[in-house]
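Asker: Chains A and B, in that order, are what the protein sequence lines are.
For the first sequence, counting from 1, position 29 maps to 29 in our numbering; every step adds exactly one.
So the mapping is simple: our numbering equals the position in the second sequence, first residue as 1, plus 1000.
Hints are not guaranteed to be accurate.
Cut-off 27 Å, straight-line C-alpha distance, at most; resulting in silico cross-link-like pairs (DSS-like, lysine-lysine) [stated by the list, open to error]:
{"id": "1", "chain 1": "B", "residue 1": "K1055", "chain 2": "A", "residue 2": "K368"}
{"id": "2", "chain 1": "B", "residue 1": "K1173", "chain 2": "B", "residue 2": "K1099"}
{"id": "3", "chain 1": "A", "residue 1": "K364", "chain 2": "B", "residue 2": "K1173"}
{"id": "4", "chain 1": "A", "residue 1": "K260", "chain 2": "B", "residue 2": "K1055"}
Simulated from the structure, these hints should not be mistaken for lab results.
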Amino acid sequence: MAEQESRTVKGNMATALGAKLCRPNVIPAYPITPSTLFPERISEYIADGELDASMVRVESEHSAMSACIGASASGARVCTASASQGVALMHEMLFIASGMRLPIVMAVGNRALSAPINIWADHQDTVSSRDAGWMQFYSEKNQEGLDLMIMAFRIAEDERVLLPAMVGIDAFVLTHTIEGVDVPAQEDVDDFLPPYDPPHGKLDVDDPATFGSFGTPEYYQELKHDQTVALEETDEVIDEIFDEFEERFGREYNRLNNYKCDDADIILMTMGSMSGTARAAVDELREEGEKVGLAKLTVFRPFPGDLLKEIAGDADGLAVVDRNISPGFGGAAFAEAAGTFINENKNPLMKNFIIGLGGREIFKENFKEMYHKTKEAVEAGEVKEPVEWINMNEEIMR
Amino acid sequence: MYEVRFHGRGGQGAVTAANTLADAAFREGKDVQAFPMFGVERRGAPVAAFARIDKEPIDVKTQIYEPDIVVVLDMSLLDVVDVTEGLKEGGKVVLNTAKEPSEFDFEDAEVFTVDATTIAVDNGLGTETNPIVNTAILGAYSKVAGNVKMESIYKGIENNVPVKHDENKQAAKEAYEQVIGV
Chain A
1 MAEQESRTVK GNMATALGAK LCRPNVIPAY PITPSTLFPE RISEYIADGE
51 LDASMVRVES EHSAMSACIG ASASGARVCT ASASQGVALM HEMLFIASGM
101 RLPIVMAVGN RALSAPINIW ADHQDTVSSR DAGWMQFYSE KNQEGLDLMI
151 MAFRIAEDER VLLPAMVGID AFVLTHTIEG VDVPAQEDVD DFLPPYDPPH
201 GKLDVDDPAT FGSFGTPEYY QELKHDQTVA LEETDEVIDE IFDEFEERFG
251 REYNRLNNYK CDDADIILMT MGSMSGTARA AVDELREEGE KVGLAKLTVF
301 RPFPGDLLKE IAGDADGLAV VDRNISPGFG GAAFAEAAGT FINENKNPLM
351 KNFIIGLGGR EIFKENFKEM YHKTKEAVEA GEVKEPVEWI NMNEEIMR
Chain B
1001 MYEVRFHGRG GQGAVTAANT LADAAFREGK DVQAFPMFGV ERRGAPVAAF
1051 ARIDKEPIDV KTQIYEPDIV VVLDMSLLDV VDVTEGLKEG GKVVLNTAKE
1101 PSEFDFEDAE VFTVDATTIA VDNGLGTETN PIVNTAILGA YSKVAGNVKM
1151 ESIYKGIENN VPVKHDENKQ AAKEAYEQVI GV
């Protein structure tokens, strides 16, 4: 193993570096705040001769994903980056990428959706793509963005998987923030990630075949079933590849990370950059004698329900923190967590907290408030208000 | 944990100053973060940039509201921005001015001054009306804060400033030597 290079980079640079180390062949991309630095960097890598790849300049995100699909079907290793409205505009193509079992990797600078226009951190863009059949990874810090890009290619291209993946880094909080990272050496990434060789054929003018063909009612449901099972079974592959990455590069990853949960009465579940602030809050609450833990979602799709049952099954309360909202029900992770426990004999009381929409700050004090509200519900033995919005400015509310 | 806030105007390099400082501290084995005021930056408008430095891994992801030190690149900002807002009790203020620290009153804050504009212009960094003071001011920061060595600041300049490395390092060195109030 060669030594890893330590340097400071912005989040976009971390995902671009991770992508470059994977030697993608084709990068179709359309710039959008806060992800624009990604295609800029990739262009520079190509111009400087550091990356031998084709950058495809397209006229929209819909075209970007279309080009990703064509290139991936031809056997190329493909990646792109987007955010917010860009991911929304790609929406119809996302389903085609997963339905055609193409291992495309997309870096997303997680950002709010309009209206009103907002360029700041929010998970609504990718959470709204939950049902598109992609794996979804979320980063707490730039190092995770870099590492998850590398692991995402390896997992996506595994013959047992063959599905696309998104790697999220929160807008500005990560995309535009400098942090220190360790960058694996190219030779070690080459060893970890062999060249992509599509195991079931590819678009080839010398050996024509049909891809993405009609699926009549006699076939469609079975194909969707198989695709769904494939996504659900990525659990094992993800665990295996996370472990191998740790062995090689020394950094531990878990689909759902357990921080001080083993003896915890109440567990906070978070996703993305807020997890760092939540850990700091958990440490302070622990010092105050509170038995609290943190479960951090690194993988949102497939949802790690197996690990959530292990980690939170014996807890009294589970506070699910969502930086997104599904109007008419609650946060997306809350719905997943509630569904996870539906047939269990024992489950924690569950509360959902909506916070951080459109870049609203999420403070340590907010996590403490969520903890105490959940503790109150546990002590009362009932949840009066399942979904609560936190850090609201009452003065400007209706 | 040590938290730093830079005040400048869009285009003056406050963000590069924060990035360079974080990179310098990272070279000393510290954990760091540096980030702009999240939003849209416009040339000439007041901007802020931030840096966090800690021996321990930094967990928090919020912006900085109670800095240990405030660095002001442009004195015209004193009329439009409350530069010491949230400054910790007994915190430090570094001002880019030819005046003496005693000419300023920021209640219980310790004031330091350095004529970074003259130093920058003398070293060929920008012009009298548009001086590039962000590297000079880091020399003053190093002396005042005492938690990042000049050797590291030089490395940070090499990594983060695209041109005129020698001139920028020289400016930082002169500001380190000339800052008043230490």
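Asker: Evaluate each hint against the coordinates.
Answerer: Hints, one by one, checked against the model:
Our distance criterion of 27 Å between C-alpha atoms is met by K1055 (chain B) and K368 (chain A), whose separation comes to about 25 Å. A C-alpha spacing of about 20 Å is found between K1173 (chain B) and K1099 (chain B), which places the hinted pair at or below 27 Å, so the restraint holds. Annotation: proposed proximity of K364 (chain A) to K1173 (chain B) is violated, straight-line Cα distance about 39 Å (limit 27 Å). A distance of roughly 22 Å separates the Cα atoms of K260 (chain A) and K1055 (chain B); the hinted pair therefore holds under the 27 Å criterion.
Checked against the numbered hints above, the structure breaks only hint 3 and satisfies the rest.
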